[in-house]
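Please build the complete structure, drawing on both the sequences and the hints.
There are 4 protein chains.
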Amino acid sequence: MIRIGIVGAGRIARVHAKTVDAHLDAELVFIADPVEDAVKPLAEKYGIRYSLNPDDVFTDAEVDAVIICSPTPLHVEHILKAAKAGKPALCEKPVAMETETVEDLVKKLENLDHKTMLGFNRRFDPTFARMHDMVKAGVVGNVEQVTIISRDPAAPPKEYIAVSGGIFKDMTIHDFDTARFFLGDITSVYAVGQNLDPDLKDTGDFDAAVITLANSQGATATITNSRHCSSGYDQRLEVFGDKATLNGENMRPTQVRVSNGEYTDAKDVYLDFFLERYAQAYALELNEFFAAIKENRQPATSIADGAKALRIAEAAEESARTGKIVYL
Amino acid sequence: MIRIGIVGAGRIARVHAKTVDAHLDAELVFIADPVEDAVKPLAEKYGIRYSLNPDDVFTDAEVDAVIICSPTPLHVEHILKAAKAGKPALCEKPVAMETETVEDLVKKLENLDHKTMLGFNRRFDPTFARMHDMVKAGVVGNVEQVTIISRDPAAPPKEYIAVSGGIFKDMTIHDFDTARFFLGDITSVYAVGQNLDPDLKDTGDFDAAVITLANSQGATATITNSRHCSSGYDQRLEVFGDKATLNGENMRPTQVRVSNGEYTDAKDVYLDFFLERYAQAYALELNEFFAAIKENRQPATSIADGAKALRIAEAAEESARTGKIVYL
Amino acid sequence: MIRIGIVGAGRIARVHAKTVDAHLDAELVFIADPVEDAVKPLAEKYGIRYSLNPDDVFTDAEVDAVIICSPTPLHVEHILKAAKAGKPALCEKPVAMETETVEDLVKKLENLDHKTMLGFNRRFDPTFARMHDMVKAGVVGNVEQVTIISRDPAAPPKEYIAVSGGIFKDMTIHDFDTARFFLGDITSVYAVGQNLDPDLKDTGDFDAAVITLANSQGATATITNSRHCSSGYDQRLEVFGDKATLNGENMRPTQVRVSNGEYTDAKDVYLDFFLERYAQAYALELNEFFAAIKENRQPATSIADGAKALRIAEAAEESARTGKIVYL
Amino acid sequence: MIRIGIVGAGRIARVHAKTVDAHLDAELVFIADPVEDAVKPLAEKYGIRYSLNPDDVFTDAEVDAVIICSPTPLHVEHILKAAKAGKPALCEKPVAMETETVEDLVKKLENLDHKTMLGFNRRFDPTFARMHDMVKAGVVGNVEQVTIISRDPAAPPKEYIAVSGGIFKDMTIHDFDTARFFLGDITSVYAVGQNLDPDLKDTGDFDAAVITLANSQGATATITNSRHCSSGYDQRLEVFGDKATLNGENMRPTQVRVSNGEYTDAKDVYLDFFLERYAQAYALELNEFFAAIKENRQPATSIADGAKALRIAEAAEESARTGKIVYL
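Residue numbers (UniProt numbering), protein chains in the order written: chain G, 1 to 328; chain A, 1 to 328; chain U, 1 to 328; chain B, 1 to 328.
Rather than coming from a laboratory, the hints here were simulated on the basis of the structure.
Only a predicted model underlies this, so the values are computations on that prediction, with no experimental measurement involved.
In this list, chains with the same sequence are indistinguishable; a pair is considered to hold if it fits within one copy or across any two.
Here are the simulated lysine-lysine pairs, DSSO-like style, with alpha carbons at most 30 Å apart:
| id | residue 1 | residue 2 |
| --- | --- | --- |
| 1 | 40 | 18 |
| 2 | 18 | 294 |
| 3 | 45 | 18 |
| 4 | 243 | 201 |
| 5 | 158 | 243 |
| 6 | 84 | 40 |
| 7 | 45 | 115 |
Following this line, the structure appears as C-alpha cells:
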C-alpha cells in the first residue's frame with residue numbers, strides 16, 4: 001500500500017482523495033492546508049490526520065508519496081520539496097505561468113533523484129488513451145492531420161480570466177499537450193485569436209481561437225477553442241493517418257435517443273464540464289502515478305511536458321498578437 | 001434494348017415509366033389504360049404510343065415485356081395474358097387478395113413457358129440487399145433472430161382501409177416477404193392485433209400489430225407494425241446471428257445533425273413514405289427484371305413468393321382474431 | 001448516517017459494500033457470512049465488524065438497515081427477519097424461484113411494519129430511468145409498443161443453467177420487470193423458446209426466446225433474448241408512443257470511432273456484462289433505498305414487483321412449452 | 001420549356017445531359033464538341049442535333065440557354081459568347097486559372113445584359129444547403145467557427161496534378177467557396193502546405209493542406225485537405241454559432257451497420273467520389289439555373305464568386321510558400 005499525503009484541500013483535492021480512498025494500491029493518510037474549514041472536514045471524512053502547515057506533508061514519516069493540489073504559485077516550491085524529501089509527487093497543472101520558471105525547475109530536478117508526474121489528465125482519458133494505443137499499434141499508419149475541437153460550456157467569471165494567464169495557457173494548454181501526445185515536438189505555431197463575446201471584450205483576452213501546429217515531419221494539428229458552447233463541454237479529437245481515421249466523440253450522461261415530429265435520434269447534451277467529462281481520466285492518472293512508484297520508474301507525464309506545452313502557449317499568444325507564425 | 005409496355009397509368013406506372021425511360025437496357029414504347037386523362041399525358045411525356053384497351057399491351061408486336069400496374073383485381077388476368085403471349089411480365093404486388101387465387105395462378109403458370117416477376121421491391125433496396133448478401137457470404141453465421149420494425153407515417157383514409165384486405169395483407173405483407181427473404185419458409189405465426197387509434201376503431205381493422213414468426217430450424221422473426229409514426233416512415237431491420245448482427249437503419253433527406261442547448265446530433269425526420277424511401281429499390285427491381293430477360297432465367301421474386309407471403313398474412317389475421325398460434 | 005449491515009459476502013455484496021463505503025448518507029458497519037474466507041477480508045478492507053452467523057445482522061444494535069446478498073434460498077427468511085427486526089432491507093433478486101412463495105411472502109409482509117426493496121436495478125439505470133421520466137412527462141404520448149432486446153455475451157456454464165430456474169426466471173425476469181415498468185400489469189404472454197446452440201441442447205432449457213406481452217389497454221412489449229451475442233452484452237430498449245419514440249442504446253468502454261478502407265465510424269464492442277453495464281444502476285438503486293429510509297416511505301421496487309415478474313416468467317415458460325398464449 | 005444546348009461532350013456534360021433530359025422545365029436540343037466520337041453517341045442517345053463546331057451552340061436559334069462543359073481554357077471565351085448572344089449560361093468551374101483573367105471577365109460582363117451562373121455545385125447539396133438555410137433562419141445564432149474537412153479518396157495521376165494549377169486552385173477552391181457561403185468575404189488567409197505522400201514529392205505541389213481563414217467580423221474557417229483518405233471521399237462541414245452547432249456528415253451507399261466481436265455499428269465506407277457524393281447537388285444546381293431563367297434574375301452563384309474563391313486560392317498558395325499570413 002502506497003501511503004498518500006495531499007497538500008491542498010480544494011476541489012481537485014477532493015476528487016483525488018475519493019479516488020485514493022477507493023484504490024486497492026494506495027491509502028490516504030495525511031492532508032495539509034492552511035484553511036482549517038477546508039482541510040478538517042476532509043480529514044474527518046476519511047478518518048486521517050491533517051495539518052495546517054503544508055510543509056508537513058513533505059516531512060511526515062508515514063507519507064510515501066504526495067499529491068500536490070496547492071495553488072499554482074506554490075507548485076514549483078512543493079515539487080522541489082517533495083523531490084528533496086525523496087517522495088514521489090503528482091502535481092496538478094499548470095506547474096507555473098511562465099516557461100522559464102518551469103524550464104528552470106526541470107533543470108533543478110535533473111540533479112535530484114525524483115519521481116515527478118504532471119497532471120495532464122487527458123492523456124489518461126479512456127477514449128484518447130485508446131486512440132493513442134491504436135496509433136502506436138500502427139492502426140492509423142502515419143499520423144498526418146490531428147483535429148482538436150475543444151469548447152467550454154460557458155465562459156468563466158471575468159475575475160478568473162484576469163488571472164488565468166490568457167486562453168492559451170489556461171484552456172488550450174490541454175490541447176497543446178494532446179497535440180504533442182500524437183505529434184511529438186511542435187516546430188511551428190500560428191494562432192488566430194477571436195473576440196466574439198461582447199461581454200468579454202474588455203478582458204483583454206481572446207474568448208475563442210484557432211491554432212495550427214506543425215511538427216518537423218510536416219504533420220499538422222488544428223485546434224479550435226471557444227469559451228462557450230450551446231451543447232455543453234465539447235471535446236472531440238480526430239487523428240487522420242494514411243491507413244485509418246480515428247474519432248474521439250463527446251460523452252453524454254445517458255444513452256437515450258429521442259425521435260419525434262421535428263427530429264430523430266437526438267442525444268443528450270454533453271457532460272457539463274471537466275470534472276464529469278474527465279472523471280475517469282483523473283482516476284486513471286492516479287493509476288499511472290501508483291504504477292510508476294511500484295515499478296520504480298518515471299511517470300508518463302513529466303514536468304518537461306508541462307514546459308513544452310507552456311512554450312507552445314506562449315508562441316500561440318505571440319502569434320495571435322503579431323499575426324506572424326512563430327517557429328520553435 | 002428491351003421494349004417495354006406498361007398496363008395501367010397510375011402512380012406506380014409513372015415511377016416505372018421514368019426508370020425505364022432512363023435505363024440503358026430498356027426503352028418505353030407503349031402504355032395502355034382505359035382512363036384517357038391518365039394515359040395520354042404519360043404517353044405524350046415520353047413520346048410513345050398508347051391505347052385505351054389494356055389488352056393491347058399483350059398483343060402489341062413491338063412490346064417485348066410488360067410491366068403490370070393495373071388495379072389488383074386485374075393482376076391475375078394480366079399475368080396470364082402476358083404469360084400466354086410469351087412476354088415476360090413484372091407485376092406489382094399484391095397478386096390478389098386470397099391465397100387460393102394466387103396458388104391457383106401459380107399452378108396455371110407451371111404449364112406455361114413464362115417469365116413472371118412479383119414486385120417485392122424491398123428485396124432490392126440497397127440496404128436490405130446488402131444485408132442479404134452478407135448473410136449469404138457467411139458474415140452473420142446462422143441467422144437466429146430477425147427483428148423488423150415497420151411503421152407508416154400516418155394512417156390511410158378509412159375508405160382505403162375498408163378495401164385494403166386488412167393490415168396484414170396490406171402493410172405487413174412486405175415484412176412477411178422480408179422475413180422469408182432471411183428465414184426461408186415460415187412454419188408458425190402468432191399475431192397480436194392492436195387498436196390504438198380511436199379514429200380507426202370502427203374500421204374493423206387493426207391499426208398496429210406485433211407478429212412472431214418461426215421457421216423449421218427454430219429461427220424467429222418479430223415484426224412490429226403501426227399505421228402511424230411521429231418521425232415519418234420508420235423502416236428498420238435487424239438480422240442477428242451467432243457471428244454478427246446487422247442493422248438496416250432509416251433514411252433521411254439530408255446528413256445534417258443539429259446540436260444546441262436541448263439536444264445534440266439530432267438528425268432529420270425520416271424520408272416520408274415508400275416512394276421516397278424505396279425509390280432506389282423500385283429502380284433496382286427493374287434492373288433484375290431486365291437482367292432476367294437478358295439472361296433468359298426466372299426473376300428473383302416469383303408469384304409463388306407472393307402466395308407464401310399472403311398465406312402468412314392470412315395466418316396472422318387468424319391468429320390475431322383467435323388468439324391462437326397458427327401452424328403452416 | 002444510515003448504518004448498513006450486509007448479509008452475504010459474495011460478488012454482489014462486494015459491489016454494494018464499495019458503494020455504501022463511498023456514500024455520503026450511509027456507512028458500512030457490519031457484514032455476516034458463514035464463509036470466513038469471504039467475509040473476513042471484506043470486513044478488514046472496510047475496517048468493520050463481521051460475524052459467521054448471518055442472523056447477527058438482523059439483531060446487531062448498530063445496524064440500521066440491511067442489504068441481503070445471501071443465496072436465493074435464504075432470501076425469504078432473511079427478508080422476514082429484517083422486517084420483524086424493524087430494519088429496512090434491500091434484497092437482491094430473485095426473491096425465490098416460485099411465484100407462490102413470493103406471493104406468500106407479500107402477504108406476510110402486509111402484516112408487518114416493514115420497508116423492503118427488491119433489487120430490480122435496471123429501473124435505476126440512468127438511460128432507462130430517463131426514458132421512464134420522459135414517458136411520465138408526456139413526451140412520448142401514449143405508450144403503444146415497447147421493444148426490448150437483451151442478449152448476454154456468452155452462455156453461463158451448464159451447471160449454472162441446471163439450477164437457474166430456466167431462461168425466463170433467470171434472464172428474462174429483468175426484461176419482464178422493464179416491460180412492467182413501462183406498461184404496468186401484463187395480461188397476456190406468448191413465448192417462443194429457441195434451442196440454437198448445439199452445446200446447450202441437453203440442458204433442457206431454452207438458449208434464446210422471443211416473448212410478446214400485452215397489457216389491458218392493448219399496448220405490447222416484445223422481448224428478444226439470447227444467451228450469446230458476438231458484440232457483448234446487448235441491452236437495448238425502445239419505447240414507441242404516438243408522440244415520440246425513445247431508444248436506449250448500448251454502452252461502450254470508450255467513445256472511439258474507427259474508419260478505414262473496410263468500414264467507417266466503427267465503435268467499441270459493448271461493455272462486457274451486467275456488473276459493468278449496470279454499474280451506475282447498482283449505485284443509484286442504493287440511493288433510492290437510502291432515500292426511502294430517510295423519507296420514511298416504501299422504496300420504488302417492492303417484493304410484489306418481484307412476484308409479478310415471476311408470474312410472467314412462469315407464464316412464459318408455460319407458453320413456450322405448450323405453444324399457447326397464457327392469460328394472467 | 002427551356003431549350004438547352006451543351007458545349008463540350010465529356011464526363012460532366014454527360015451528367016448534365018442526363019439531368020436536363022429528365023427535367024420537367026427543360027429539354028436538351030443541341031450539343032457541340034469538336035471530337036465526333038464523344039459528341040455523336042451523346043446526341044444519338046438523346047435524339048438531338050449536334051455540331052463539331054462549338055460556336056454553333058451560341059448561334060443556334062433553337063437554343064435558349066447554354067451549359068458550358070468545354071475545357072477550362074475556353075471558359076472565358078464561351079461565357080462571353082453566350083452573354084453576347086443573349087443566352088443564359090451555366091459554366092463549370094473553374095472559370096480560369098488566374099484571378100486577373102476572371103476579374104477582367106467580371107468587368108466585361110458588367111457591360112452586357114447577361115445571366116451567367118458558375119457551377120459551384122456544393123452550395124446546392126441538400127445537406128450544405130439545409131445548413132445554410134438554418135443559418136439564415138437564425139438557428140445557429142452568430143456563425144463563429146466553420147470547420148471543413150475535405151479529403152479525396154486517392155491522388156489523381158501526376159500528369160493531372162502538373163496542369164491542375166495546384167491543390168488550392170484545384171481542390172480547395174470548393175472549400176473556399178463553402179467558407180464564403182457561410183462567412184462572406186474573407187480578409188485573411190494562412191495556409192500550411194503538406195508533402196506527406198512520397199510518390200507525389202516531385203510534383204512540386206502540396207498533397208495536403210490546412211488553411212485558416214477569417215472574415216472582417218473575426219469569424220474563422222479552418223479547412224483540412226488531403227489528396228487521400230482510406231475511407232473514401234471525406235466531406236464534412238461544421239458550422240458553430242453561439243446558439244447551435246450544425247454538422248454535415250458523409251454519405252454512404254447503404255444504411256447498413258455491422259456489429260461483431262471486433263467492433264459495433266460499423267458503417268459503409270463513403271460514397272467514392274464527387275460524381276456520386278454530389279449527384280443531387282449537380283441536379284439541384286440545374287434547378288437553380290432554370291429557375292433564374294424563368295424568374296429573369298441572376299443565378300445564385302456568379303462569375304464574381306469564382307473570382308473571389310480564386311483570389312483566396314492564390315493567397316493560400318502564397319501563404320504556404322512564404323510562411324506568412326496574406327491579407328485580402
